[in-house]
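Asker: Take a look at the letters that make up each chain.
2 protein chains.
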Amino acid sequence: MNDTIRLLKSHRSIRKFEERDIPKELLIELVRSGQSAATSSHIQAYSIIHVTDKQLRDQLVELTGGQKYVASSSDFLVFCADMKRSLEAARSTGESVVSGMTEQLLVATVDVSLMAQNIAIAAESEGVGICYIGGIRNNPQAVSELLSLPQHVYPVFGMCLGYPAHDPDVKPRLPVEAVLKENSYGDDTVHVNAFNLTMHNYYQARRGGNKISNWSQSLVPLFNQKLRSHMQEFLVDKGFEMK
Amino acid sequence: MNDTIRLLKSHRSIRKFEERDIPKELLIELVRSGQSAATSSHIQAYSIIHVTDKQLRDQLVELTGGQKYVASSSDFLVFCADMKRSLEAARSTGESVVSGMTEQLLVATVDVSLMAQNIAIAAESEGVGICYIGGIRNNPQAVSELLSLPQHVYPVFGMCLGYPAHDPDVKPRLPVEAVLKENSYGDDTVHVNAFNLTMHNYYQARRGGNKISNWSQSLVPLFNQKLRSHMQEFLVDKGFEMK
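Top line first, the protein sequences correspond to chains A and B. Under UniProt numbering, think of the first position of the first sequence as 1, with each following residue one higher. Under UniProt numbering, think of the first position of the second sequence as 1, with each following residue one higher.
The hints are simulated quantities; they were obtained by calculation from the structure and are not laboratory data. You may find that some hints are simply not true.
Pairs count within a copy or across copies, as identical chains cannot be separated in the list.
Claimed, not checked - Below, computed lysine to any residue pairings styled on SDA-like, alpha-carbon distance capped at 25 Å:
#, residue 1, residue 2
1, Lys-16, Asn-183
2, Lys-54, Pro-221
3, Lys-243, Ser-229
4, Lys-54, Ser-184
5, Lys-68, Tyr-163
6, Lys-226, Ser-96
7, Lys-226, Gln-204
8, Lys-171, Leu-197
9, Lys-24, Tyr-185
10, Lys-24, Leu-180
All chains, please: the whole structure from these sequences, using the hints.
Answerer: Here it is, written out as structure tokens:
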């Protein structure tokens, strides 16, 4: 196992940070590393809002569901899928352009994710801890207004970055056999069952077993309600009509 | 700049491969590295179809628009956004579950992208070259049938992996100032113009200037037509109703 693979396999989300700031030059280096990720047809369909204003950070704590590390981390980045820049660039050539395709939503969402993951890895390689904040989609309209996001740009997730002030465990993952299939999808029930046992033991050891009992149970809150049911309408309003 | 950041910044897509195969143990190590990426609420909403069957590989060359390296690379992986496994796990607890939310499409698309990017980096750290294949979305229904993908699973992109048999340039990226914004979205026209000049010079040097003249022009084919207009209906059919 080489050092990079060792780094990748040691990832865990960091939610408590030292007061020490990330040097600005390092942050820029991390973003450049992000930009080096593969991008569909060279489109680079992403923008990052670096939230340095203290008041905005405090408002984002509320808008993401009270996650205090959104304010207490050294840096907070809002990763946006951005079709505006490329749409306007194409339009500037004099051609007529089509917006709002579902395909464009996918391209931009994938593009920003690949870029963000490069930033996460670059950060971790420098001893910086990170935490993705999906809660940015709790109130995407309010976040968009707060950061003046234009049409064809939507906030996909946030990321807290800072020097770790705790050392959480690496959380188990599904057996590789559940995820890696050969030539067809097949059936992975046996691996899910094995993973339920793994997570049962994990929760028992860490939480005394008085909360969630296994992986399947941990997923229930994601599916027993219409989670973030505003996303469809929000995206359409933002110019991602899904057609 | 540390070695990991140097690695990230040296990425370029590889489309010509040596005949040498990637050892199976290494491929599994790469996938485990992928699984170590952050995942929303521990959902791990992804599956990979490792296409080892020669006939399937040849069919996938056709379905992705004649990209021969889909067959000639050592390994070809189809990355799927997978809500089936977690939906069924949650349902197995006896709870009623909701599927088809736009939010679920986003979660799974982001999850599989973060995982894939970890695999890309792990691969490159071992001297393996990669190329993402967005062309998997040219014929997603046919790909789904070929690989027996069930409801709530959709193919997002493919990835060719193998030992590089060429050494292409690292392609320029937008100025970091275009992508990294402070506190609000703002205007990046000046940076796009600068990048148009960068890419103009890049194309001049490499192609004698007789094809695309700058970045804006290179994007026109992505927007002057309804590219992959089947995606909306395909996703709805696959159980991603977007509600």
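Asker: It remains to establish, for every hint, whether it holds in the given structure.
Answerer: Comparing the hints with the structure gives:
In the homo-oligomer, the alpha carbons of Lys-16 and Asn-183 lie at most 25 Å apart only across protomers (23 Å), although the nearest pairing inside one protomer, at 43 Å, exceeds that limit. In the homo-oligomer, the alpha carbons of Lys-54 and Pro-221 never lie at most 25 Å apart, since the shortest distance is 32 Å inside one protomer and 42 Å across protomers. For the identical chains of this complex, Lys-243 and Ser-229 are neighbours both inside a copy (19 Å) and across copies (7 Å), given an alpha-carbon limit of 25 Å. Proximity of Lys-54 to Ser-184 under the C-alpha cut-off of 25 Å is restricted to the inter-copy arrangement: shortest distance 13 Å between copies versus 50 Å within a copy.
In this homomeric assembly, Lys-68 and Tyr-163 come within 25 Å of each other (Cα to Cα) only inside a single copy, at 16 Å, whereas the closest approach across copies is 45 Å. With identical chains, the CA atoms of Lys-226 and Ser-96 are at most 25 Å apart between copies only, with a shortest distance of 12 Å across copies and 38 Å within one. Taking the shortest Cα distances, Lys-226 and Gln-204 never come within 25 Å of each other, neither inside one copy (29 Å) nor across copies (52 Å). Within a single copy, Lys-171 and Leu-197 get their C-alpha atoms as close as 14 Å, which meets the 25 Å cut-off; across copies the closest is 46 Å, which misses it.
Within a single copy, Lys-24 and Tyr-185 get their C-alpha atoms only as close as 45 Å, which misses the 25 Å cut-off; across copies the closest is 19 Å, which meets it. Only between protomers do Lys-24 and Leu-180 lie at most 25 Å apart by alpha-carbon distance; the minimum there is 12 Å, versus 39 Å within a single protomer.
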